[in-house]
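Peer 1: Order-wise, the sequence lines are chains A and B.
Each step along the first sequence adds one to the number in full-length UniProt numbering, with nothing skipped, and position 200 is 200.
Each step along the second sequence adds one to the number in full-length UniProt numbering, with nothing skipped, and position 254 is 254.
Hint data in this document are derived by calculation from the structure and do not stem from the laboratory.
All values derive from a computational prediction rather than experimental measurement.
Don't be surprised by glycine CBs; every beta carbon is placed ideally from N, CA and C.
Any given hint could turn out to be false.
To be verified - Among the chain A residues that face chain B by a calculated CB cut under 8 Å, a handful are:
hint, residue
1, Phe93
2, Arg152
3, Ser156
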Amino acid sequence: MSAAPMLEVRGVSAGYGTFRALFDVSLEVRAGEAVAVIGPNGAGKTTLLRVISKIIAPTAGDVVMEGTPLGPVPAHRVVELGIAHVPEHRRLFPRLTVEENLRMGAFHPAARAKFRERLDFVYELFPRMKERRNQAAGTMSGGEQQMCAIGRALMSGPKLLLMDEPSAGLAPVIVQQVFNLVKRIRAEGYTVLIVEQNIQQVLQVVDRAYLLEVGTIKQSGSSAELLASPEIRRAYLGL
Amino acid sequence: MDKRIPAVIGIAALAAVPQLGLGNYHLHLLITVLIWGFVYTSWSVMGRFGMVSLGHGAFLGVGAYVVTMLWNSYGLTPWLGIPAAVAMSMVMALLVGYPCFRFRIVGHYFALVTLALGEVVRLTIVGLRDQTGGSLGMTVTAVPDGTSLLALQFGERTVFFYVALLVWLFGLWVWRVVDRSMLRYALEASSEDEDAAASVGVNVTRAKLAITMLSAAMTTLGGALYAQYQMYINPETVSGIGISLQIVFAVIAGGLFTQLGPTVGAMFTLLLAETLRVSFGHDIHGLDGTVYGLLLVLFIIYMPKGITGSLAALLTRGRAEPGAPAAGLAPSR
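Here chain A stands alone, though its shape is the one from the complex (with noise of 0.2 Å):
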């Protein structure tokens, strides 16, 4: 292999109280990838992503980003590490305005003096955000919650994105359109680690992946293995 990976999870446990999610999960993502992580419900993939965004703190291990720790990092200046979280279920600021919802995603000082720039870029990837500057991002339909979402992501200027399950609550239709945005996003050249149950599709839009089921990393590898997986095709593609 070449160069380090861009992000790396090391030997991480997390848990909430007593409850333990995460059993000593280990992966990497490299730069210009895209990886998924599988599992069904309650697997702790969410758990995952709000480790490696420092919402959560891990109770053993680490997360390092491009060979920066996350460990003493604080929540607030993981975005500055070039790490994007698109939360589940969108988690937008729904009183605020489309425009208002990507102004925050340049909230840190390095990304507000390139706020107007990267906005340009945002409505041009999605024009119809432009159309809708000045709603109210909670009125909206979920695949464009799911576009601001993703624009406010991209306001930051990130290396990597994270996506928290991006087509969680959408009709089918929109699912579909959802992983089309994703595929956009890696074509324009962002690393992207996605989290999804949606396996037959998301398997689809990455390079790999790897299947989290209780809290452990049971399977990975290119996406073509894990469709072809016998257990992957009974359990979750049910063929």
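Got chain A; can you put chain B on it based on the hints?
Peer 2: For chain B alone, kept in the frame of chain A given last:
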């Protein structure tokens, strides 16, 4: 540019008011509205972000008592006493705010903490009766001829009117500066979703502390101004639960999300209090509290944006803003 014209006309009109030959009573009402308008604006600076304090009487009390005690006991001019009191309030806000914000004490729990803070200050004032006069209150020692810039005492009501007007304008200016700052976005985002705000780079704890300390500092100045005007202070009237709740009531009634909302709230509560006083005198004890409570419930249900918010909505009905917050105090989660 043209948006400034009404403001300039308004300020000029206000500045001309004392020249109209108003009687002392009406001038007194105006000064009262300005002082309380400033205090309510100070509360709303943080209250509008869902940080509901039920204990701003604590900061009013520090402003009124620290300044008065330094003047009465040591002859220290309020010009120095006010900065000392403001510094004290900011430290107090920091000590109470930091653990609250660090450990995410929000909503009802935050309100309860502030409620306790107000009581602690009130009881401290009562307890230090040798220095503060306890529940009997204390009188600001007057200068011999009634007017002294050094003592910030003005025998002439008109002069005090201008002092109050300046302070009130200062409050509106701070409100506007906050309204146009990134801090506002940071706090609106935090009030909707702290995790999401942190993940875009908002230091939630620091943003909340900054606005709390600002609000505390302003309220302290308001307390000092109140003492200098009334020349008599009492733990109930500056730090009692009644006054802390009245601040909340007035701002909700006037409008939490508009610059002039708190001032309209001050006019509304003053008119209400005067009407009740004139109509019923002191015959029915606790009547004002009962009416406040009832009105508060009605406002929250029927006019969550307050008087100014509802008026603005009526005026702009044609071009409705879908983004306007639906309910004043309700946090999003």
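Peer 1: Against which earlier hints does the structure fall short, listed by number upward?
Peer 2: Checked against the structure, no hint fails, so every one of them is satisfied.
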